[in-house]
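Protein chains: 2
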Amino acid sequence: MERHSLKTWAESAATLVAVAAGRAPADMVIRGGKLVNVHTREVLDGWQVAIAEGRFAYVGPDASHCVGPETNIIEANGRYLIPGLCDGHMHIESGMLTPAEFAAAVIPQGTTTMFTDPHEIANVLGLEGVKLMRDEALIQPISIYTQMPSCAPSAPGLETTGYEIGPEDVAEAMSWPGIIGLGEMMNFPGVINGSQQMLAEIAEVQKAGKTVGGHYASPDLGPEFHAYAEGGPADDHEGTCEADAIARVRQGMRMMMRLGSAWYDVESQITAVTEKGLDPRGFILCTDDCHSGTLVNDGHMNRVVRHAVACGCDPLIALQMATINTATHFGLERELGSIAPGRRADVILTSDLSELPIEKVIAQGRVVAEGGEIAVTCPHLDWPTHSRETVKLGKTLVAKDFEIPAPKGAETLTANVIGVVENQAPTKALKRQVQAEQGLISAQNGIAQIALVERHRATGDVVNALVEGFGYQGEMAMASTVAHDSHHMIVIGTSREMMAQAADRLGEVGGGVTIWKDGEEIALVELPIAGLMSDRPAHEVAAKAEQMVKAMEACGCTLNNAYMQHSLLALVVIPELRISDLGLVDVTKFELTTLFEEPA
Amino acid sequence: MERHSLKTWAESAATLVAVAAGRAPADMVIRGGKLVNVHTREVLDGWQVAIAEGRFAYVGPDASHCVGPETNIIEANGRYLIPGLCDGHMHIESGMLTPAEFAAAVIPQGTTTMFTDPHEIANVLGLEGVKLMRDEALIQPISIYTQMPSCAPSAPGLETTGYEIGPEDVAEAMSWPGIIGLGEMMNFPGVINGSQQMLAEIAEVQKAGKTVGGHYASPDLGPEFHAYAEGGPADDHEGTCEADAIARVRQGMRMMMRLGSAWYDVESQITAVTEKGLDPRGFILCTDDCHSGTLVNDGHMNRVVRHAVACGCDPLIALQMATINTATHFGLERELGSIAPGRRADVILTSDLSELPIEKVIAQGRVVAEGGEIAVTCPHLDWPTHSRETVKLGKTLVAKDFEIPAPKGAETLTANVIGVVENQAPTKALKRQVQAEQGLISAQNGIAQIALVERHRATGDVVNALVEGFGYQGEMAMASTVAHDSHHMIVIGTSREMMAQAADRLGEVGGGVTIWKDGEEIALVELPIAGLMSDRPAHEVAAKAEQMVKAMEACGCTLNNAYMQHSLLALVVIPELRISDLGLVDVTKFELTTLFEEPA
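The listed protein sequences correspond, in order, to chains Y and C. Everything in the first sequence is counted per the numbering used here, starting at 78 for the first residue and increasing by one. Everything in the second sequence is counted per the numbering used here, starting at 78 for the first residue and increasing by one.
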């Protein structure tokens, strides 16, 4: 395994001082460019940069005294030098890629630092999963920091996850290298209500002097919002409108504005800076969740910065929001996020600050990408066998496992049906009349079956229910082991036979997504690591994911972002009606409910 | 001893959340004011504040749900609520006051946080002195953080201090509560030349995740300046012009702009923000050194902010430079420096943001001053006896100890005379013809005698030399145990008898400043603690210091700030000619020199 190790500033200081003073040659000098200084918010024409030990050894008007016979000279040819881009909050698993393959996909886009919350794998593999993600993160050629997941399960009592995270796990993780703080504290009702466990987790992070991530997913900005802020989260990325952004920054939280594959929260919030004139230092750009297709086709943080500029933000301010603001937030402003002495030498050459073409990327002093092509290896961890064997069904599933028996003698019933709404995360709790046939409720009238198949403990349990809104027609089934947040398996279909086939297929390949139509598998995305990630390159995964979308369409689904809807139907923290391994969950009341209404 | 203890945010979180949510009453609510939000740089009219456990428990438009029957309601009556002011870098000893009495003097001025470098006492009492200062700091009703002194002695090999500080001392101090980082790294030639000891000290601080203070006292902004920045200092307060400020901030250092009793560096540097438009987040206001008279008559950080505004700075930006910028710099932005959830409830009521009258001061949730009067006790440490017995002369000094014998047979000699220049810290190395009388060189033609009396190890050693520029006339002597940085005793006089009397007098009272004229003591400032500080109130010390200035005038001295000149004459890091316990020091060459020139 290629291991890229970077000495600390302190370990490199003697060399850095010697280079700056002209007593020792730099490894690399970049000259002939225009340097973007995110400390002062200036463009410094002609400023040069010397690099040694992977860090900036001189940043100033003339680095000629740092040049030796072996120094690699890079001519910027009038282009801008900007700091490498930082993603302030994101989940690598959303790309369906391992940290290595995610890094390989985003390095050519100019991302050199990511703050990642491996929340999904924590639900499957617990603290060990976090550690594995962290281990692979630490061997990458860019800086990937890990936020310790805070909420597994996300809804205690309403679901059973593979593993649970508690304050003692958080305390342990805070002592690990590479752990930067706590991942988004999603249990905001817990914090507001003074949950001892949630406050204990936050306390462990504060005690360690690290950063507590927030997640306040409510439009209410009254006392409950203030109570959440008092609990300690230092940032939030759940705001969706200008008022949300202003409210958070006024509380001394940093507002993380998202542009992900399905999140569009920058345009609606950046007016707090561009129109209301708030001090921009409190604002950070991030992606939260990006699919591999977005990474391959549209970019990563370069896409977000470009978008912020298109929304009217001054390019230098937008760059601050993706560099120094982020670094300062995580206590890393002396380590990265600017082109300044001693920092990690993460720098991008670009010929335009608005369009932001990423022409050359240097990370920790090495050229890691050039003209959109990666120039280094992103080493893979040797993932342990059990991390690839997480789809434990306990038996071969058959059609009978997906039967929904009608109450004895009933023919017409009122069912509580999950209603999917296009482009919205919340579902509707629908009441629908359904007809029994031979004592069973099957797919009918645009209503499909949905099943939650337990896959962590091999119990063989299947919870069956009904869903409306995908538009599936004919005989089909789709199964996915990406099933937020507990990541059991969600199977949706119109055919019980194919639902069983799809589920068994994922058991066979170790997880992923499969789509069946008329008895044949028509799409498969293998995600063997924890049932969540592939260790194949992003473009391969993106191609398979595209095929998956086409297959859903072939089954009659015309919903935008339908795969995401599928994978969120077990997310029992977002209203109104969801499914878990424990049954149907009324998320307006945070309690289990029944599939059929009692007859009045 | 009254001990004021504040729980951590984590320890208080359950209460804070409960107050914000309306489940528990606040201790205090402030309403009817205009809140200055330094995160967003806004004035929020009508915003209210609730306080519990000494921290902000609610900051928002309406705190009425936080009010219980016991809640202390403070009506702001339309005044501004601003965060308590922070002094980013300063030496308590410069006020000739203990931390307690310094705090008592500045609390009514609105200072609620100080970052203090007990560099002076470190030279006298070593690490124990730092600890004693820290101990008294930690029991004050405001937040006083300690920077571990970095350079004692300031000039190794050219002076002998009471104690020396090394990397192992720094490493030890980093583990102490209340230590925020390293005090100004004054040995900038050492850093630039890669001194192992200096880089090791910095490394210990970086390893501990704390802040390294800088001190680059040179106008050269070329490679040497860059080399210093590469060494790791995160701030600097030695800039004196706009170019200095811009250069530092561009290197990712924070520029600390001083307004002390004798430092006037704000007006000349703040144009970097007000005219050149640099991002103000990199700028911090501080005092560095304030005499007790300044504190009593002109104020402290309120004086600095007021001055910054008078220099054309937007009042909200000036306040940021004395609150959140400082807090962020020291990694404390979640702990203080703004009126925001969970932070220490440090808040000032003022009716004007430009004139900045300090009408009420609340620190950690308590009213600590009202209308310029302190409202709390600032507890004194029980200083150990040996900290009050630091003037160790080893013998009773007599006139003979101050004799300067001329080389045998010489009558006219060329002497290297220290030339004091009004309003400048650097001295001139003068060459003066002097006449011997009875084989001795005495005061003559505006030249006085100067002696460095060893006082740390009771060696009885006296180094004698000559000084010009004070203007002393008639028979007089002045002695001071404040003698930067080694703090031996400097005696200047025209009468050897009185020089001996003055020195012995300080031995008797345990240190301070004494002035003798015509055989009588005409002024005395007792500074019994380490020979540097009084534990009497600031107004008493200021009155005695004023008397001291008058006494110097009575002896013929018309120099501005003459006492400071006196006390800096052993500071063997500032050119050109100084005195130390080892002899006369040529600070242009950093080597010892002779009092008399060899005849050509």
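To be clear, the hints were calculated from the coordinates, so they are not data collected in a lab. Check each hint, because a few of them may be wrong.
In this list, chains with the same sequence are indistinguishable; a pair is considered to hold if it fits within one copy or across any two.
[Stated by the list, open to error] Result set (SDA-like, lysine to any residue): computed pairs, CA atoms no more than 20 Å apart in a straight line:
| hint | residue 1 | residue 2 |
| --- | --- | --- |
| 1 | Lys627 | Gly537 |
| 2 | Lys353 | Leu393 |
| 3 | Lys353 | Asp391 |
| 4 | Lys485 | Arg108 |
| 5 | Lys477 | Pro300 |
| 6 | Lys353 | Gly408 |
| 7 | Lys485 | Gly408 |
| 8 | Lys485 | Glu675 |
| 9 | Lys287 | Gly255 |
Which of the listed hints are broken here? 1, 4, 5, 6 and 7
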